Each structure stands twice: as structure tokens, then as C-alpha cells.
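Using the supplied hints, reconstruct the complex from the two chains, each of which is provided in its own coordinate frame.
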Amino acid sequence: MSDEIERLLRRGPGEQGAQTDARAASQRLVARMLSEDLADVTYASVDSPFGAMHAAVTHKGLVRLAFPEEDPESMLEQLARRISPRILSAPARLDPLRRELEEYFQGRRRRFEVPLDWSLIGPFARRVLRRTADIPYGGSLSYAEVAAEAGSPRGARAAGNALGSNPIPILIPCHRVLRAGGALGGYGGGLQRKRLLLELEGALTPPLAG
Amino acid sequence: MSQPPPFQRFLNEHRECVWRFLVSSVGPVEAEDCFQETFISAMRAYPRLRQGSNLRAWVLTIAHRKALDAHRARARRAVPTGEPAELERPQPDGRSCAPNGEEGLWEAVRGLPDRQRSAVALRFIGDLPHRDIAAAIGCSEEAARRSLHEGLSRLRRELAA
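Line by line, the protein sequences are chains A and B. Under this note's numbering, the first residue of the first sequence is numbered 1, with each subsequent residue one higher. Under this note's numbering, the first residue of the second sequence is numbered 1, with each subsequent residue one higher.
The set of hints was computed from the structure by calculation and includes no laboratory data. Bear in mind the structure is a predicted one, so any value in this text is a computation, not a measurement. We put the beta carbon where it would ideally sit given N, CA and C, even for glycine. Among the hints, erroneous ones may be present.
Covered stretches of chain B (in silico footprint by chain A; criterion: 3 or more residues with CB under 8 Å from a CB of chain A, positions within the stretch not fixed) [unchecked claim]:
id : stretch
1  : 17 to 29
2  : 147 to 158
Computed list of chain A residues with no C-beta within reach of chain B, every gap over 12 Å [what the hints assert, rightly or not]:
id : residue
3  : Tyr43
4  : Glu103
5  : Ser119
6  : Ile135
7  : Ala148
8  : Arg157
Selected chain A positions facing chain B (in silico; Cβ < 7 Å) [what the hints assert, rightly or not]:
id : residue
9  : Leu8
10 : Gly12
11 : Pro13
12 : Ala18
13 : Ala22
14 : Leu29
15 : Leu34
16 : Leu38
17 : Leu76
18 : Arg81
19 : Ser84
20 : Ser89
21 : Pro91
22 : Ala133
Here chain B stands alone, though its shape is the one from the complex (with noise of 0.2 Å):
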């Protein structure tokens, strides 16, 4: 490829993988800031990509980072009041309101440590591999793993209560 695709196709190629990915990490609300940041950073350096990017695994790192972004800020927000940081929103569907199933186990994703969460949902959501695991966190690939089978185990912990 000597030549990124038209941005448009681009989007439309993985807007579906970075919007579950964002709802996974973020929760349906945050997501939607998060998606428009995340497509308007790479917007701006779409002209600069390296040639054979693989663009999945690019766009998903923009992606994890303002997801960092949004809990960091929610984290800060919530400091004062003493919330805990997965203490459960409200949802506008009201989806969240189920303690368990298929909602509760997306609370607990989005429960999880920093490391934890980018590590699942860019292994289960963005199918990424270990290796652009580690490069989107920043981490070794054994780091990688690591927290990838940390958060596995909170989860399955989390949920069997």
C-alpha cells in the first residue's frame, strides 16, 4: 500500500470496530465524544501515515487513548464526591440497570483497571493481537498478556459472585 485508502472509506471500513470498542471500554454516552475524537485525531495525521500501516490496529490505538482520556477525567471528576471510579451511570436506555447478565459484565469491563480494560477490549472487541496490544498500551508483549489474563481472571472472579 503506498498510499493510505480515502478517508471516507477508512471510516466506513472501521467505524463499527472502534464504536464497540469505545462502548466497551467508555459505556454507550462517553462513546460518542470518544469516537469523534478518536476519527479526528487520525483525520489530522491521515496524510503523515507510514506506508503499510496496518490501519485497524492504528486506529484503535487512537481509539484506547481517549478512552484513557475519558476515565481519567471521569476518575478526576468523581474525586471529590468519593465515588468510587465503577460506580454505575445511569444509562439512558436504562440498560444498565440489570445487576447481572450481559450488561453486568460490560459494567465490569469498564470496572477494571486501566491496563486490564485496554488489554480485553482490544484482544475481544478490536481482535488485535498481542503484539499491537502491547505497542497501543505501550507495553512489552508479556505485559500485554499479562494483564490481558489478569483482567480475564477479574472478570470470571467478578461475575461468578
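Bound conformation, chain A alone (with noise of 0.2 Å):
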């Protein structure tokens, strides 16, 4: 008899409805803490001809958008460590995102307005990605020219360097900066995507990328 209360016991209440109860309950927090504001970051996956990536925002904005191949969890810890571990996931959060990377991909947007935070950016890849934020729709620059306009003292490779950690590829369009012969030089995300990006905007014709 006691075995028998001891194993029900362990066993615990309700033991086919627990799980699905439990998940609906998390569902009905998650909405509360999202409507009394408790969460500093707030994630979702977004939709994108690349695949599915990874976005982030806060109240400031945007913080964070990763590729489809970068690990969701380790994006999530770095913001942990970075931000705040108040992260919930909130997919409708996103749908401004979604909606204007949707329109960009079509070729009907040529400037993002969603807000960016830039939080996750030093001070000196803020100088760098700053200026590469205004490089308009179809222009580029060269690594050299935006080290020079940052006031990069460590020149074009330093640039670079900044320009591969940025947190927010695509909105703060890294894309758009070459080397000096035209040559495409590094993308963070593959090289391809930066081809196709500039495809996109008309900033390189198919048949001469290379």
C-alpha cells in the first residue's frame, strides 16, 4: 500500500493532461508578461528567401538578426549575457520586420524604417557600420572609404573586421561595401547572399559578378 502511494505520488496529477496543460498555461503567461511589458528581449524567427532567420528586438528596436544556419540558442545566450535574460518569444513582436524584409525582397522597399538598437555594437564598429548604414540603395563603397570616413585609424582591415560582426546584416546593409577593384570581398553570411543582395538592388548585373 505505501509503494503504491509513493509511486502514484511521484507519478503526479492529471499525468496525460499535465503536459498539454502546462504548455497552454506557459502560453497564457508568456501573453500576460508581454502586455505588463516584463520582458527586455522578445525573439522570433522571420521569413526570408535565405531561409528561416533568427530576429531579436528590445524597446529600442531591432538588436539582433542572424542567418538561418547560426544556432537560435547561442544567439539567445549571447543577448542573455549581453542585454538582459528577461527573453520571451513573441513571434507578432516581429511582424513590422517581416513585413518590410518581405517588400525589400520583392524590390518594392529600398529603406527599412523598423527602429535598430545598436546596444550590441562597440564604439568603434558603430562608427564603421554608422556610416555604412547611409550607403544608400544600389551604391557601395569601398572597405578603404569607410575606414577613412569612420576615421578608422587601423585602416580598411580593421573596417572589415567591424563590418563582420554586425549584429543586423541586411538593415545596416554591410552588403553594400566592396573592394577597391570592385571585387566583393567578405559577407558573414556567404558570399553568395551578398551577390544576390546587390543583385537585388541593382548594384551588380548578373552575368559580370564574379
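So this is what it looks like as C-alpha cells:
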């Protein structure tokens, strides 16, 4: 009898329903936490021609956009460390970004309007990426030009590193920075994607790209 | 661990354990409010969490306090009408109508005195060691062992009757 009671206690109440009930309760909880503004960071995946990207927003704006092959868990851990561990999944908060990305990839949008949060970007990278953010759709600059205009004491290589660490690619258009001779240079998301973005913007004609 | 994990992961990992603990302790109806209060308190305190904290023991300690609040509030409501605290409340799914069997066990758990109920639920649903149960209840490890033993004895007596 005593073993039977301990066995039943260990199994817990409502064995079948508990998992589903707990999930439903946590969804209601997250909705309440979001309405009471308790999360410092919210995240979701957003669709793109590259696949499902991972996006995170703070009260200031979009703080991180990661390519599909990046591990979303390590992105969240970085955000927990650098910004706040109060992180919740909130797909609806990313709707404005989804809309703008869709329009951009359809060639119907030349400027993004969702606000950006620059918190993950250090002071030097910030100068480089601010200058980069000013390069217009369809345009491009060389690494050396960006470095010079950002007042980079360490030149094009340091600027390249700063661009490579861009936490918000596409919206901070680091794909618009090329080598002096017009060669593509590097890209955190892979050169194919850099080429595709530049072709989309008409900065590169497909047959000549290479 | 230098930093608690992203809250969503913490919630996903512990929601079922907390939910079961609360259902066993206060019943399925009041579990909903206690569950929300537990994780909202956890969310508020989360960035100040000490390094290396045992997250399950921590969140169950919060849940234990919310369950205790719910029991005390119910006892206060019950006083004017003189209802006994362990009076069976009607459950929406009607499961509590079963006089014995599994639901009878949970009714009996909910009817235990505070400390015994907490010790039993933290031990068997929360799967916490005696040391953590003692810390959650705020008593010595020896007292936690005793409460657990008394709670189990009482359940055996009641369910054998």
C-alpha cells in the first residue's frame, strides 16, 4: 500500500493532461508578461529567401538578425549575457520586420523603417556601421572609403572586421561595402548572399558578377 | 553557470514540473493563478539571480509560497461559513466526485496541514532532496524529514480508511 501511494505521488496528478495543460498555461503566461511589458528582449524567426532567420528586438528596436545557419540558442545566450536574460518568444512583435523584409526582397522597398538597437555594437564598430548605414540602396563604398570616413586609425582591415561583426545584417547594409577594385570582399552570411543582395539592389549585374 | 539561461528556455524546462506541483498542492482551478504568479515573480527577480543557483529548486520555492498563499486565502474565505479547509471543491471536469482512487489521493494531499503538504509535494512532484525542501519551507532538514514522514503516514491512514 505504501509503495502504491508513493508511486502514485511520484507520477503526479493528471498524468495525461499535465504536459498539454502546462504548455497552454505558459502560453497564457507569456501573453500576460508581454502585455505587462516584463520582457527586455523578445525573439522569433522571420522568413526570408535565405531561409528562416532569427530576429530579436528590445524596447529600442531590432538588436539582432541572424542567418538561418546560426544557432538560435547561442544567439539567445549572447543576448542574455549582453542585454538581459528576461527573454521571451513573441512572434507578433516581429511583424513589422517581416513586412519590410518581404517588401525589400520583392524589390518594393529601398529603405527600412523599423528602429534599430545598436547596443551590441562597440564604439569603433559603431562608427564604421553608422557610415555603412548611410550608403544608399543600389550604391556601394570600398572598405578603405568606409574606414577613412569612419576615422578608422587601423584602416580597411579593421573596418572589415567591424563589418564582419555586424549584428544586424541587411538592415545595416554591410553588403554594400566592396573591395577597391569592385571585387566582393567578404560577407558574414556568405558571398553568394552578398552577391544576391547587390543584384537585387541593382548594384551588380548578374552576368558580370563574379 | 555565469548567467541564467534565456527566460523562455527556463520556462519551457520547468513549466511542467511547476504545473504538476501546483495542481497537486492547490488543485487544477487555482493552479492557473498560482502558476502565473510564480513565473511573474521569477521573471522580476531573474536578472538578480545568484550564479550557480539551482533553478528548479528556486522556482519550486516560489511556487510553494504561492500555493501557501492560495491555501491561506481559501482558509480565510472559509472561516465565516465554518467549512472545513479540506472540503471538496467542485472541479469543472467532475473528477473530484470520485470518492477514492487517484483523485481521492490528491484531495487527501490538498487536505494535509501546510507543512506536510508542502513536504510531500516538493519531495514527490518536485523531486527535491530533503535539503532543498527544508530551504523552501524554511525549516531544518530534520524537520522537513519529519513533516514528509508525517504527511505520508497520514495519507496512508486516510486512504486505508
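Hints, verified against the model:
Only residues whose C-beta sits within less than 8 Å of a C-beta in chain A count toward coverage, and the stretch 17 to 29 of chain B has 6 of them, enough to reach three; the restraint holds. With 3 residues having a Cβ less than 8 Å from any Cβ of chain A, the stretch 147 to 158 of chain B passes the three-residue criterion, so the hint holds. With 12 Å as the threshold on Cβ separation, the claim that Tyr43 (chain A) sits away from chain B is violated: the shortest Cβ distance comes to roughly 8 Å. At roughly 29 Å, the least C-beta separation between Glu103 (chain A) and chain B is larger than 12 Å, which holds for a residue marked as non-interface.
With a minimum CB-CB distance of about 15 Å to chain B, Ser119 (chain A) clears the 12 Å threshold, and the non-interface call stands. Annotated as non-interface, Ile135 (chain A) keeps its C-beta farther than 12 Å from every C-beta of chain B; the closest such distance is 33 Å. Consistency note on Ala148 (chain A): stated as away from chain B, and its beta-carbon is indeed over 12 Å from all of that chain's, at 39 Å minimum. For Arg157 (chain A), the requirement that its beta carbon stay farther than 12 Å from each beta carbon of chain B is met, with the minimum near 32 Å.
With a least beta-carbon distance of about 6 Å to chain B, the hint placing Leu8 (chain A) at the interface is held under the 7 Å criterion. Nearest Cβ of chain B to the Cβ of Gly12 (chain A): about 4 Å, under the 7 Å cut. The hint holds. Checking Pro13 (chain A) against chain B by beta carbon gives a least distance of about 5 Å; that is within 7 Å, so the hint holds. A least Cβ separation of about 5 Å between Ala18 (chain A) and chain B falls short of the 7 Å threshold, and the interface hint therefore holds.
Hint status for Ala22 (chain A) relative to chain B: holds, with the closest Cβ pair at about 4 Å, below 7 Å. Of the supplied interface hints, the one on Leu29 (chain A) holds, with its beta-carbon coming within about 5 Å of a beta-carbon of chain B, less than 7 Å. Taking 7 Å as the C-beta cut-off, the interface hint given for Leu34 (chain A) is violated, the closest approach to chain B being about 11 Å. Contact between Leu38 (chain A) and chain B, as hinted, is supported at the beta carbon level, the nearest pair being about 5 Å apart and thus within 7 Å.
The beta carbon of Leu76 (chain A) is positioned within 7 Å of a beta carbon in chain B (closest approach about 4 Å), and the interface hint is therefore held. Interface restraint check for Arg81 (chain A): the shortest CB-CB distance to chain B comes to about 5 Å, inside 7 Å, so the restraint holds. Interface hint status for Ser84 (chain A): upheld, as the beta-carbon distance to the closest one in chain B is roughly 6 Å, under 7 Å. Against a cut-off of 7 Å between C-beta atoms, the interface hint on Ser89 (chain A) holds, since the closest Cβ of chain B lies about 5 Å away.
Among the interface hints, the one on Pro91 (chain A) is violated; its C-beta lies about 12 Å from the nearest C-beta in chain B, farther than the 7 Å criterion. With 7 Å as the threshold, the beta carbon of Ala133 (chain A) stays out of range of chain B, its nearest partner Cβ sitting at about 28 Å, so the hint is violated.
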